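J.: Read off the chains here:
2 protein chains.
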Amino acid sequence: MDWNSLYATRMGKVVASDIRERMKLLAARQIIQLGGGLPDPSLFPAAEIAAATAAIFADPARATTALHYAPSEGHMPLREWIAGYMTSIGAPCGVDNIMITNGSQQAIDFCGRLFLSPGDTVAVEMPSFIGALRAFDTYEPRYVALPNEAEAPLPVGAKFGYLGSDFRNPTGTAMTLAEREAMIDKAAAIGLPLVEDGCYEKLRFEGQAVPSVFALAVQKAGDVEKVGVLHTGTLSKTIAPSLRVGWVAGPSAVIRKLVLIKQAADLATSALNQMIALAVAQTSLDRLADAGRALYLRRRDAMLEALETHMPPGVTWTRPEGGLYIWVTLPAHIDGAVLSERLLMEEAVSVISGAAFYPVDPVRNTVRLSYSLATEEAAREGVKRMGTMLSAMLETAVAAE
Amino acid sequence: MDWNSLYATRMGKVVASDIRERMKLLAARQIIQLGGGLPDPSLFPAAEIAAATAAIFADPARATTALHYAPSEGHMPLREWIAGYMTSIGAPCGVDNIMITNGSQQAIDFCGRLFLSPGDTVAVEMPSFIGALRAFDTYEPRYVALPNEAEAPLPVGAKFGYLGSDFRNPTGTAMTLAEREAMIDKAAAIGLPLVEDGCYEKLRFEGQAVPSVFALAVQKAGDVEKVGVLHTGTLSKTIAPSLRVGWVAGPSAVIRKLVLIKQAADLATSALNQMIALAVAQTSLDRLADAGRALYLRRRDAMLEALETHMPPGVTWTRPEGGLYIWVTLPAHIDGAVLSERLLMEEAVSVISGAAFYPVDPVRNTVRLSYSLATEEAAREGVKRMGTMLSAMLETAVAAE
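For the protein sequence lines, the chains are Y and V, in the order given. Anchor point for the first sequence: position 229 equals 1059 in my numbering, and the numbering is continuous, going up by one each time. Anchor point for the second sequence: position 346 equals 1176 in my numbering, and the numbering is continuous, going up by one each time.
Everything labelled a hint here was simulated from the structure, so no lab data went into it. This one's a predicted model, so the numbers in the text were calculated from it and none came from an experiment. Be aware that one or more of the hints could be misleading.
Computed Cβ-Cβ distance ranges for the label pairs, DEER-style [unchecked claim]:
{"id": "1", "chain 1": "Y", "residue 1": "Glu910", "chain 2": "V", "residue 2": "Pro1143", "range": "48 to 56 Å"}
{"id": "2", "chain 1": "V", "residue 1": "Arg972", "chain 2": "Y", "residue 2": "Gly1052", "range": "38 to 46 Å"}
{"id": "3", "chain 1": "Y", "residue 1": "Glu979", "chain 2": "V", "residue 2": "Pro871", "range": "37 to 45 Å"}
{"id": "4", "chain 1": "Y", "residue 1": "Ala881", "chain 2": "V", "residue 2": "Thr1113", "range": "22 to 30 Å"}
{"id": "5", "chain 1": "Y", "residue 1": "Ser835", "chain 2": "V", "residue 2": "Ala1222", "range": "34 to 42 Å"}
Pairs of lysine to aspartate or glutamate residues, derived as DMTMM-like cross-links and limited to a Cα-Cα distance of at most 20 Å, are as follows [what the hints assert, rightly or not]:
{"id": "6", "chain 1": "V", "residue 1": "Lys1016", "chain 2": "Y", "residue 2": "Asp832"}
{"id": "7", "chain 1": "V", "residue 1": "Lys1087", "chain 2": "Y", "residue 2": "Asp832"}
{"id": "8", "chain 1": "Y", "residue 1": "Lys1050", "chain 2": "V", "residue 2": "Glu970"}
{"id": "9", "chain 1": "Y", "residue 1": "Lys1087", "chain 2": "V", "residue 2": "Glu970"}
{"id": "10", "chain 1": "V", "residue 1": "Lys1087", "chain 2": "Y", "residue 2": "Asp1131"}
{"id": "11", "chain 1": "V", "residue 1": "Lys1050", "chain 2": "Y", "residue 2": "Asp832"}
Glycine included, C-beta positions come from ideal geometry on N, C-alpha and C.
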C-alpha cells in the first residue's frame, strides 16, 4: 500500500524536530552538549521515588488505586495538592480548576485541540517553544506573532495566544510585571484567550519573582472562573520527566471540556505516577527545586562568563534569571544553522540553530544555548570553540567583501 | 470571558461519555454492575509490579533511565519484546514496526490524527467502541459503516477503516477467518487502510484462536512493510490499566509518522511504566492472561446461564468466546436507554444503553452487558431483575396495543 498518499494534509508538513534528531546523534559521540535543554539526571530524586513507590505497594488499597484507571481529570489528592500549590503562588484555584496531563506538553496539545480547526489563526511569541509549534501544527493553523511589549497591539482574530512568561524556551527571557498586566488587559479587550506555559516558573534563581499572567488575571478578576487565561504546569523540571505529570489550570467550564479531550486522547494519566508525584511533591518539592536552581545558576554563570570572554564583537545574548536557556544573536550575515552544523561536525559542540523556533519568517542569525547539562568546564570549552569558529567565519565574511 | 463561543466547532459536539458519567454515579451507590467493562482489580499483579519497581530502583543506571524522558518511539527493550510478541502471534515485526503509546486508546487517537482532516470519512463497525468514536470525533469526520460480512462491499472513499476483530467492544463477537481474509482483500482492492484494535486478543477463553487481520495481512504480503493494516495492542487488560502501556504496530514508514505525532502530543510514554510493564510481561504475562481468562470464562458462563433463565421471548444475545462483553438485542419497540435508566434507578442494576455505540443511525433496542466485574451471584441477580423488568415492559406494551 502506498501509505504516503493517505495521510491527512498536515502530516506531510510535520517533520522530525531538529533537536530530537540531534539528540540521537549526540548519544553516539563524545559531544559537548550546549544544545538540548534536558534536566540534569543527577537531580532526579531516585531514592525518594523508590520509597514513595514502595509505600504505595505496601498498602493493598493504595496499590489497587495505583494500578486501576485514574479519573480522566486526574487523581483527586494530586489535583487537591496542585490547587493548593496554584493558590500558594497567587492564583486561588479549587480542584475543579485543575486537570492532570502527561507533562505540560500534553496540556499544550490539548489547548490546540480545544481551540483550533484547520485554517484558524494562533498567536505565538516569535521565537517560540518548538514542542508547542509541533503540537499546534497538527491542527493546521496559521501563525501570527504575539508581541510581549506592553505597548504593542495584539493580533485580532486569533483563536488564542500562547506565551511563556518565565524564562521561556528558547530565549530564557521573562516578561516584566508591566508586560504581563498589559497582556491581560489587551487580550481581554479583544476577547483573546491566553495559554500560559508555566513550566519554568519554579526555576527562578535570581531577581524578584513576578506573579504569573494567570495569577495576575485571577487577582484582577477576583475569581478564577472569570479569567481568560489557562495555565500549564509540570513536575518534569523539578521532580523527574518520566513521571509524565503536568497539569492545566483554568475556569472549570474550560477544564470540563479539556477532560473530554483527555478521555478521548488516552483516558487518563497513570494513577501510579500521579501518586508517586504527589508523595514526592509533598515532602521534597522545595528542596528539589532549590537543588536545581543552585546547579543551574552555577552553570548559567559559567556560560555567561565564557560568552563574555570568547564571543567576538557583534554577538549578543540574553541573561536569564531562571530556566535553562540563553539565546544568542549573531551578526546579521551569520546563519545559525551553518554555525551549529559546523560546530557539531568540526568541533564536537552541540548548539541549536534558532530558525526552527519560528513558525514563520525565521530569524536566521540566532542559536539557542542551554546550560542544563553542561558542567562549568564543558561550558567554558564549548563556548570557546564556538567563539573561535565564529571569529573565523566573520573573518572569511570580511575577506569576501 | 465567554469561553463557550471560543471553542473549535467540534467541541460543541463532544459530550461526556454516558459510561464514564454513569461510573461516577455508581461509585456512590451499592449497584450490581453489569455495565462498565473494567478489568477486575483482583487480577492486578501488585506484588510482581512492586518487585519489578524495586529492582529498577536498586540499580542506579536503570533508575536514571526510568526517570528520564524515554524516546518518543518507546523504551527500546520493550519495543523489542513487543516485536517478538507480535512475531509469536504470526505477524513478524522488527522494532521499527512498533511504537509505544499510553494504552491502545492513544494509539487509536493517533490514527485519527494521522488520517483525518475535518470532513473526511472514516469507516467503523456499527456498533463500535465508544472510545474510538470520541477520539475520531475530535477530528470532525463523517462516519460510514464498515461491514464485517465477507460478501459485503466496503465503502469507497473513506480515509481508513477501524475494526475490532476479536471480541470487540461492545458486541463481544469475533470475525471468522473467512471474514478477516475477505476484509484484507476488499480493503486492498480499494486502497483502504485498516486499523485493527487488538486489545482483547489475549482474552480468548474458548474456541479456536484466529490470527489477527494484521497477522494475516503480513502473511499474505510476506512482509510487514507492505501491509495496509495497523494493529493496536495493550497491556491494560492483562497486566494493569494504570501502567498506560499500549502500542501500535505497522509498516515502519507509518510508524515514523506516528512517532512525530507522539512527540507533538506528549513527547513520550513514562519510561518507568514501560520498564515495569516489560519486567512483568517477561516473567508473568501468560500466567496473568490465564488467570484473567479463567475468571472471565466463569463469569461469562454465569451471565449466559442467567440470560437463558430470565430473558423473556424475543430477546437475543451474543455468545462471546473471549473479551468482556455480551450484546443484547431487545424486542424492536423496547428502547435500551429507557431500560437501562429504569434498571439503574428502580433496581440498582447498571447496564449500558446500546445507542451510544453508533456514531450515526443508532439501533435503540440494544444494551451492552459486561461480566468483567460481576461475580456469578451478581450476574444471576442482576440479569434476573433485568428479565423481570423487561417482561413488565413487554406486558405494558402489549396492553397498550
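J.: Given a hinted range of 48 to 56 Å, is it respected by the beta-carbon distance of Y/Glu910 and V/Pro1143?
T.: holds, 53 Å
J.: A range of 37 to 45 Å was offered for this pair. Does it hold for the Cβ distance of Y/Glu979 and V/Pro871?
T.: Cβ of Y/Glu979 to Cβ of V/Pro871: about 55 Å, so the range 37 to 45 Å is violated.
J.: Just to be careful, I want the Cα atoms of V/Lys1087 and Y/Asp1131 compared with a cutoff of 20 Å; is the pair within it?
T.: Violated, at about 40 Å.
J.: Against the 20 Å threshold, does the CA-CA distance of Y/Lys1050 and V/Glu970 hold or violate the hint?
T.: Not satisfied, since the Cα-Cα distance of roughly 37 Å exceeds 20 Å.
J.: Given a hint of 34 to 42 Å, does the C-beta separation of Y/Ser835 and V/Ala1222 actually sit inside it?
T.: violated, 57 Å
J.: Given the hint that V/Lys1050 pairs with Y/Asp832, does the C-alpha gap stay at or below 20 Å?
T.: holds, 17 Å
J.: Holds or violated: V/Lys1087 and Y/Asp832, Cα atoms, limit 20 Å.
T.: Status holds; Cα separation ~14 Å.
J.: Is it true that Y/Ala881 and V/Thr1113 lie within 22 to 30 Å of each other by Cβ?
T.: Because 24 Å falls inside the window, the suggested range holds.
J.: Is it true that the CA of V/Lys1016 sits at most 20 Å from the CA of Y/Asp832?
T.: holds, 16 Å
J.: Hint says 38 to 46 Å; check whether the CB-CB distance for V/Arg972 and Y/Gly1052 agrees.
T.: holds, 45 Å
J.: Holds or violated: are the alpha carbons of Y/Lys1087 and V/Glu970 at most 20 Å from each other?
T.: Holds: Y/Lys1087 and V/Glu970 sit about 16 Å apart, inside 20 Å.
Hint compliance for this structure: hints 3, 5, 8 and 10 are not met, and every other hint is.
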